[in-house]
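A.B. asks: As you go down the protein sequences, you meet chains F and B in turn.
Start counting the first sequence at 844; every next residue gets the next number (my numbering).
Start counting the second sequence at 844; every next residue gets the next number (my numbering).
No lab work stands behind these hints, which were simulated from the structure alone.
Any given hint could turn out to be false.
Said to hold, decoys possible - Under the rule of at most 27 Å between Cα atoms (straight-line distance), these lysine-lysine pairs were calculated in the BS3-like manner:
1) B:1123 with F:862
2) B:906 with F:976
3) F:1182 with B:1021
4) F:905 with B:1064
5) F:964 with B:1196
6) B:1196 with F:958
7) F:1170 with B:1010
8) F:905 with B:976
9) B:862 with F:1123
10) F:1184 with F:1242
11) F:1106 with F:1071
12) F:1172 with F:1237
13) F:1170 with B:964
14) F:905 with F:1010
15) F:905 with B:862
16) B:976 with F:862
17) B:1229 with B:1242
18) B:852 with F:906
19) F:862 with B:958
20) B:1229 with F:862
21) F:852 with B:958
22) F:1219 with F:1184
23) B:1093 with B:1064
24) B:1196 with B:1170
The model shown is predicted, which means the values in this text are computed figures rather than measured ones.
2 protein chains.
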Amino acid sequence: MDEEAINAKLLIRGGFIFKNSAGIYSFLPLGWRVLSKIANIIRDEVNAIGGQELFMPALVEKKYMEPTERWNLDVGFYISSSRSKTSGSPRSLASGEDFVLGWSHEEVLTAIASKFISSYKELPFSAYQIQTKFRHEPRAKSGLLRGREFMMKDLYSFHTDEQDLAKYYEEAAKAYYKIFERCGLKAIYTLAAGGVFTDKFTHEFQVVADVGEDTIYLCEKCEYAENKEITKLKDGDNCPKCEGIVKEKKSIEVGNIFDQGTKYSEALGLSFVDESGNKKPVIMGAYGIGLGRVMATAVEVHNDERGIIWPENIAPFRVHLIVLDGKNKEADKVYSELKEKSVEVLYDDRDDKTAGEKFADADLIGCPIRLVVSNKTLAQDSIELKYRNQKDFKLVKLKELAASL
Amino acid sequence: MDEEAINAKLLIRGGFIFKNSAGIYSFLPLGWRVLSKIANIIRDEVNAIGGQELFMPALVEKKYMEPTERWNLDVGFYISSSRSKTSGSPRSLASGEDFVLGWSHEEVLTAIASKFISSYKELPFSAYQIQTKFRHEPRAKSGLLRGREFMMKDLYSFHTDEQDLAKYYEEAAKAYYKIFERCGLKAIYTLAAGGVFTDKFTHEFQVVADVGEDTIYLCEKCEYAENKEITKLKDGDNCPKCEGIVKEKKSIEVGNIFDQGTKYSEALGLSFVDESGNKKPVIMGAYGIGLGRVMATAVEVHNDERGIIWPENIAPFRVHLIVLDGKNKEADKVYSELKEKSVEVLYDDRDDKTAGEKFADADLIGCPIRLVVSNKTLAQDSIELKYRNQKDFKLVKLKELAASL
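Just chain F, with the same shape it has in the complex (with noise of 0.2 Å):
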C-alpha cells in the first residue's frame, strides 16, 4: 500500500493531496501551493542558465517515436486508433493515428528544433518544460514517490560538441545544486547507468532516505556516490576519489541528468552546418526533475510525529494564523495587516474546533511560523509565536509582529 510512505499519510492527512486511483494523485489547494513554489524555484534557476520555457502536449503521436525505437516500450500509455473507447460505438481516430502519452519528450523537441536549427551559429540552445508526464509503472507506490501520472521539469540542450556539452552539464548540475537546497533538500551528486533512456553512464541527485528506491554508495568525506546499478563498491570500502570510506545508503532520486550524444539528432535528422561547411549531428543533453517527487522528498526528512516540517521555501504558507475563543477583530487584524505587508498566511478561525485540534492542524500542515491570538495573549496586547522546528514559544507585542517575522 502507498499510503504507507510517510509522504503519502502526511500529504493525504494535511490535505494536500488527494488519490484518485493508484499512483495518481489530484493537488489541493494546500498542495498546489508547494508545488507551485517548487515550479518557480526550478524555473527562477534554469532560466539563469538559459533555458527557454515551452509547453509540448501530451499526446505523442506514433510517428515521432518510432525512428528511436522507444514507440512500444511497456512505459507507456497507448491510445491506438483501431479503439478508442471501451465499449460502445468507436469512434476512430484518422488511419495510423496512434498516440503515446509523453513519459519524456526527446523525440518531439528534437524534431521541432529541426525546424529551427540549421547553423552551429544557432547553437547552443537549451529548453524545458513544466508538465504532466505518465509512465505506466506496474507497481505505482510510495505516494507521490513513483506516480503514473506526474509533474515533471524536463529541460533538453542542444550542441555543436561534446566539450560544449560537458560546459552545459556542469552548469546544469550546479543549477540542480541550487534548486535542490532552495527546496530544503541535501542532493547528493551520483554515478549512475542510464536506465532505459540511453546506453551511456548518467548522473543523479539522490537524497539519503530510508523510504528510497535507490541505494548509493556515499563517501562521508567527499560526498562522492555511485548507484548500487554500477559499482562495484561495497560498504565499508575506501572511497576511490580520496582516503574516505563508503557507505551504502537507502536514497530518492529527485532528478537526474544525461549525456544523449546523438541517439535522437540522428534518428530525427536534427543536424547543422559547422564554421567548416561540415553537416554534422547535434549533440544533446537532457535534464529532469520530478516536482511532486521534490516535494514527497522534502516530506520524508522533514517530518517528526506530529506532522511535516516544511522547509522555508516551499511551505504553503509562511504563518500558520490561529484565533483561539472564538472570532475577534484582534485576530483578523493580524490576519489583514500580514496580507498587506504579503506575508503569506493561513487563517484558522474555525468556531467548531477545539484549540487542541487546531494545533495538531498546525503541526500536522507544517508552516513554519505559528501565530496563536487567544484572551490570554490579547490581555498582554500580544501573540503567540512559535516555530514549527523549535519547542518553545515566546509572546511578541501584536504592534512588534511585523517586524519580528
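We have chain F already, so just place chain B on it with the hints.
C.D. replies: Leaving out everything else, chain B in the frame of chain F:
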C-alpha cells in the same frame, strides 16, 4: 486544413506554436509567454472571487464517470485495461482499470469535495485549475480554436441553494468580462444551450469574428445576445430587451458558465447538512475558459496584412529591439538597461538578416513597441520608436528612452 485559419498561419509563421499532429500543438517560447500571461490574468481575477487553485489528474478512472453516465461519451480519449499497447507484449493495467483523458473535471472534483464538505458551514466554496484537457474532436480545425489537446481553466463552485449559486454566477460573469478585457477581447454575454454537458441554459462569452464556428444574434444597441442554437431570433428582428435591432454575427466562444444544479452532486454523493439538520445535495456551477482559444481569438481580431498586433497585456514582450548595421555596444546597453528596469524586451541582434527581414519579423511577431538602433539613429544619440498599431515612428533621445516607455 486548419492552417488556413489566420491564427494558425500567423502563430506558426511567427514561431509561437508548432503543429505536432492534427489539433495538437506545442507552445514554443514566444507562444508560451503569451499563454502564461493569459493564465496569470485568469488567476488574478478568479482568485479575486475566491477561487482556490488546485490541480487534478488527466487520467480519470471509469469509476468517476460511470455515475453520471459520461463514461462512454464520444468526446473522450479512452485507455482500456484490456489493451494498453498497440502491438508487442501488452502490459495489462490492473483489472477494471479503465481511464478516460479528462475533458472536464466535474466528477473528479465532486468526488473530492464529498470528502471535505459535510455542512452548510463549509459552503460556498469554489476551486479551479489550469490544466490540459483532451477532446476527441472528429475534425480538429482552425488552429488553436478547436484542438484535441488544449489548456483550460475550469472553475467549479459549490452552494447551498440556487440563490447563492446565482450570486456567484454573476460574480463569475463579471470576472470573465475583466479577464477578456485584459486580454484585449470584447466578449459578449450570450444566452446558450448547455451542449452535451447539461440540460439547462447556460451563458457563453462570444467574441465576434468571421472565423467563429458559432452564430449569435446580437443587439447592436444593448448587446443582448442569444446563440442561434436556442433562439427564435432572426437577423433584423427587434431586440427582446430594448428597442434595438439584432444582427446575425459569426463568433468564437471564449468562455462559458453553467448552472449544473445537482446533477453531479446527486450522482457522486456530495451532500451537506443545512442549518435545520436536513441533508441536501450541493448545488454546483462550472465555468470554463480555453487559454489557447483566447490566444487564437486575440490573433484573429488583432492583426493586419503584416502580422499580429498583440494586446498590451498578453504580448510576448513589450518591446522588440532591433539593431541594424552590425552589433554595437549602444544597442547592447539599451537592452541591458531596459531589462534592468524590468521592461520585457525581445532583442534581435542577428547579423545574418537584412533590415527588411528584421522589420518583417517584428511586424509578424507583433510586440506593441518596436525600437531600432542604427548608425543613423546613433549619429543623433537617438533610437527609433514605433508602435505596432501606429504608422509613424519617432526618434527618442537614448537618455530619455526609459522615461518614454
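A.B. asks: For every hint, state whether the structure bears it out.
C.D. replies: Cross-check of the supplied hints:
1. B:1123 with F:862: 26 Å, holds
2. B:906 with F:976: 22 Å, holds
3. F:1182 with B:1021: It holds: about 24 Å lies between the C-alpha atoms, which stays within 27 Å.
4. F:905 with B:1064: 52 Å, violated
5. F:964 with B:1196: 13 Å, holds
6. B:1196 with F:958: With a Cα-Cα distance of about 18 Å, the restraint between residue 1196 of chain B and residue 958 of chain F holds, given a limit of 27 Å.
7. F:1170 with B:1010: 26 Å, holds
8. F:905 with B:976: This hinted pair holds, its Cα atoms lying about 20 Å apart.
9. B:862 with F:1123: Between residue 862 of chain B and residue 1123 of chain F the Cα gap is close to 26 Å, so the pair holds against 27 Å.
10. F:1184 with F:1242: 14 Å, holds
11. F:1106 with F:1071: Given that 27 Å is the threshold and the Cα spacing comes to 26 Å, the pair holds.
12. F:1172 with F:1237: Holds: residue 1172 of chain F and residue 1237 of chain F sit about 22 Å apart, inside 27 Å.
13. F:1170 with B:964: With a Cα-Cα distance of about 15 Å, the restraint between residue 1170 of chain F and residue 964 of chain B holds, given a limit of 27 Å.
14. F:905 with F:1010: Roughly 33 Å between the alpha carbons, so the hint for residue 905 of chain F and residue 1010 of chain F is violated.
15. F:905 with B:862: It holds: about 15 Å lies between the C-alpha atoms, which stays within 27 Å.
16. B:976 with F:862: With a Cα-Cα distance of about 20 Å, the restraint between residue 976 of chain B and residue 862 of chain F holds, given a limit of 27 Å.
17. B:1229 with B:1242: Holds, because 17 Å separates the two Cα atoms, which is no more than 27 Å.
18. B:852 with F:906: With a Cα-Cα distance of about 23 Å, the restraint between residue 852 of chain B and residue 906 of chain F holds, given a limit of 27 Å.
19. F:862 with B:958: 11 Å, holds
20. B:1229 with F:862: With a Cα-Cα distance of about 53 Å, the restraint between residue 1229 of chain B and residue 862 of chain F is violated, given a limit of 27 Å.
21. F:852 with B:958: Within the cut-off at roughly 16 Å; holds.
22. F:1219 with F:1184: With a Cα-Cα distance of about 26 Å, the restraint between residue 1219 of chain F and residue 1184 of chain F holds, given a limit of 27 Å.
23. B:1093 with B:1064: Answer holds: residue 1093 of chain B to residue 1064 of chain B is near 18 Å, not above 27 Å.
24. B:1196 with B:1170: Measuring from Cα to Cα gives roughly 12 Å; hence the hint holds.
Hints 4, 14, 20, counting from the list given before, are not met by this structure.
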